[in-house]
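When we follow our numbering, the leftmost residue of the sequence shown carries the number -6, and every step to the right adds one.
Rather than coming from a laboratory, the hints here were simulated on the basis of the structure. On a predicted model such as this, the values are computed, not experimentally measured, just so you know. Please note that the accuracy of each hint is not assured.
Straight-line Cα separation of at most 30 angstroms, DSS-like style, residue types lysine-lysine; simulated pairs [what the hints assert, rightly or not]: (1) K211 x K301; (2) K688 x K612; (3) K332 x K211; (4) K688 x K868; (5) K868 x K301; (6) K301 x K92.
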Amino acid sequence: MHRRIHKNGEVYTLTKHPPSRSSYLRLLLFPQSPGMSLDGGGISNGPEAQATASAMEEDYCLHGRERFQNQWARAGVFSPASLRVYGITGEPVLMRSIKQARMLSATFGTCFLGRFPRFRSSPSSGDSDAAAVTQKDNASNAAGPSRSGSSYDSLPFSSLLLGPCPPPNMTADPHMLHQAWRREVAGTWSALHMPSEWCQTMNGVVTELSWSTRAQRKRIAEQLELAAFMCLRAVQVPLPFYAADVAWSGGDDDDSRDQEDNEGGATAGKRGGAQPMSDEEENQRNIRVACLAADVVLSFIQQCTRVKVWVRCDACNPAHRYQLQRLRQAVLYGYSTLKTDSRRVIYRINTPCSVTSTTTSLMSDASPPSSSSSPRSGVVHTEAASSLMALLYYSTWNPRMLLPSEWLGEEVVGFECPTAPALLACLAPHGVAPHEHPNYRPDAPGTASSTHHRPSATLAEEDVVEAQEQAHPNHGNPDEDNAPLRRTPPAYHDGESEGSRTGYSLFDWYDSVTELETSHEADSAVAAAKGGSKGSGSASDTSYEAAADCRRSHLLRSRYTYVMPEDLQPLVASRWAGTYPPFVSAITFIVELLRRRAMPVFDRTFFDQYPLLNYLHFKGVEEPTRDVFASFEGQLQLPLQPLSHHLSSGVYEVFERDARKYRQYREAVFHYVRDWYAAGAEQQHAHQNKMFFAKHGAMQRVPVPSPDERTLHLVLLGCGRGPLIDECLHAVSALGVRLRIFAIEKNPPAAAFTRMRWANDPEWMQLAYTFGHTLEVIVADGRTIATAAEDGSLTLPADFGLCDLIVSELLGSLGDNELSPECLEAFHAQLEDIQLSRGIAFNPHLMCIPQQYTAWVAPLMSATFDAAVTEAAVKGLTVPPPGCHDRHAALNHTLLVTNLSRAVTLAPPQPCWTFEHRFHGGSGNDYKGDRGAMKRREPVSLERAASLVFQVPPCGRCCGLAGYFSAVLYESATAPATIIATAPVERTEDMYSWFPCVFALEPAQQAELQDVGQAAAEESRMVAIRVQLDRRTGLAEQRVWYEWSVTYGDAAVERQSPRTGRDASAAPLVHNKNGWAASMLL
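Whenever a hint applies, use it, and build me the whole structure from the sequences.
See below:
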């Protein structure tokens, strides 16, 4: 396979043997930049350029920052390297943000849709949901608006033109405010007049930080209305989450309904100062705020169906993911209210329901719910299925902290990149910053030593100096070395010049936050940079400083590269919804987000953050073969049915792109032929039938005859356009064996294509001329080939019936879901009929490739898949199968194939069943003597059933069952097993021919494991997911289907008495009962 791919303006060819990883180093990590003697990634092209991949990597780690910055300074526009999709934030003014995104080649920039709110009390910097709008954008939370804020708000588009947090001196002087507004209008008018030129590259940010009160929700709705008018690509909103240190009600909200809902307008966290809030009451408040926010979000989505809503969530807090799912369900299924006797309003999210033929959608002009009735019950707002996405930030950071892996199953569109010192503390070996390494050369060719940035000053040193100047209050904390790093909103400084008030920039005053002021990693970096270190007995000595004493001698003898975490799985294992522990390290979390196409969002320290994220992307994410199939990620496909439908040439082309699969088939055929030849002539089927072969055998002359010419008879079941013929020809020719191929193909155009290729392909023609290979293409269904020959509708070659090897690639995503067992078993029976009718002895050594294959399943969490099924259910099945009573609801009872990307499996996959095709184990000894006594093999049942129990932690959400397969193509006593697999336990690297399949679940059958875990026993702390999967066959209806069901329970009860655990639960819903929604036709 040859495929030309344009990347970075260059063209290269992807062949059957993809280039090695090091050959992509310069192309992907370091693209060419015009006007420079350096690669875009910072690698010198001069005489001192490093030649090896390890040397280039070391040079990048030491000088990547300076060279990226120098490249941008010379070219004027940043040229990205391996990491090409990212966002940028930092400029509060619309026009500057647009220019910033263009100059840095960012996918999107940010603009603010309103002013930051004024707090009556400074919010906490801990676990509050009132964290920053972005990682840097919380700098103004403590800066309240001036008294003349109404004048500022009265100006049209004031937040877009002047920013979300103008200096108080500007707002205090109406004349100065009006002049600044006029200057911005003059420069921005053309852009505002033509939003199509920039709107799809801008992301609007809602500046309200809470949904608690009616006034806040009203301001959020106004900002969303502005975003709808500007046609932005997406809008960021805060997560509706109850926080104990944020005013819950009262003050600017006098509405009696809000006061009743909140028990007289009590302020959260101030309940008399004596009784803490119960978990039930806190849970009810979270449900209430999610329901009320759902009304605003749904109205916006119905108005702007193409605009995505990015919900800002704290990656460090698993409760945020749980609350995000609440918001999603409230938007999709609605909610109901109930007034108690104490006049308290209770909010309840409606039970999830499937999209059916009778499902309706509430329009945006419908009246909102207002009483105990449930006006939105039974409604699915399908227009909002895929509109809600998560944008993650980090409320705290510590190099040793662990982050919840359940976020990897959510639809995370992006994440705010941590600061460079924070990343270096996790990546640098023993905490060594690049400038501290002995191999660091400040004056090396191509570094930015001539720029205004000092190359010897790292970000850690700069941040700590800045932190010391600002005198952070935690400096006096004796335990600060072990404390997590939290983002604290700094106070606004009034000492701004008049010029900065009118032409201010976020670079100048707005974002002066320093996350790592109290960082022991930064302190140790500065101490090392200044040449001093604390004694071993110092109270503030850390593990990083202790390691610094012995790191020099070690690193002098080794190269400098960033250290990847130990819990980071290789690409081949993490692909297609890998399994992870409940918590993973910070760098592993970031790399896995990048693998799921999440976009990093950089801030004003772009040139410090980008080299580190680019390194992580290249080392842990970049995979050229995966990118070829990137367009299939998230797309739902029905499994192919090659036995009942003819495939198109485009489908064959996609199959043939997978070079690794065909290499595995070639290896399997090679090992078989080597064993077959070594076993002697007695194993040759033609030798066992000498008289028949002498009379009907097809022999082609070769230029150089051999005294020991053996002919291998091979039946290829389903040849397609001939890729397996190519592999068989090369494998057999390498051993000098003559090959006779019977290629059976039921698709007439594909068979004609193969004949044409045999007559015109110069490589095939040369191999056939040299070794005497022959090919017969038979247009027939292999399951009825003997019947067709008997009734005269098909004429078979005279020597058909001689067979040493059967080769087939009819495997599906689950192994057997494309009816490979039915096809192979039926063909073998037909082959025996033909052999009996022609007097050919059965072959006791007949072999089949593949020899066996196993189906695997695992519980799946994927919000992306769930949303895709809901959207697809709106249209329903285009061609519903016979007996389908609802083509919309059938999507939740269907086996679907998808290239899983944003997904995780909640537990490792378990095997369900195995099909084996070992035809040589039959009654081979009965074939000697009277041919009338030869017996066919007894037909075997192809139905299967599996009962599996998965024990998982109570975190995440089960929304389906992921299906994989593993197949042994060939294995013998002398040949190792040749395997192709999508199952993680034996997954074949660089093989994308088969995407995983997913058994969808009804929305009501999906479960938050946290809810299930609350009912689990104290000693268990685990959830048992019981899966029943059956493979059914209906010979009368000539079809095969799957039935599945999922139940949840306590893992401790399941271990003690599995049968009792099953009987105690209610009868589960059986999906696709009797195959009403989906089946495979025979």
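Hints versus structure:
1. K211 x K301: holds (20 angstroms)
2. K688 x K612: violated (62 angstroms)
3. K332 x K211: holds (24 angstroms)
4. K688 x K868: Violated. K688 to K868 sits at ~60 angstroms, over the 30 angstroms cutoff.
5. K868 x K301: holds (21 angstroms)
6. K301 x K92: holds (23 angstroms)
In summary, the structure is inconsistent with hints 2 and 4 from the numbered list given earlier, while agreeing with the others.
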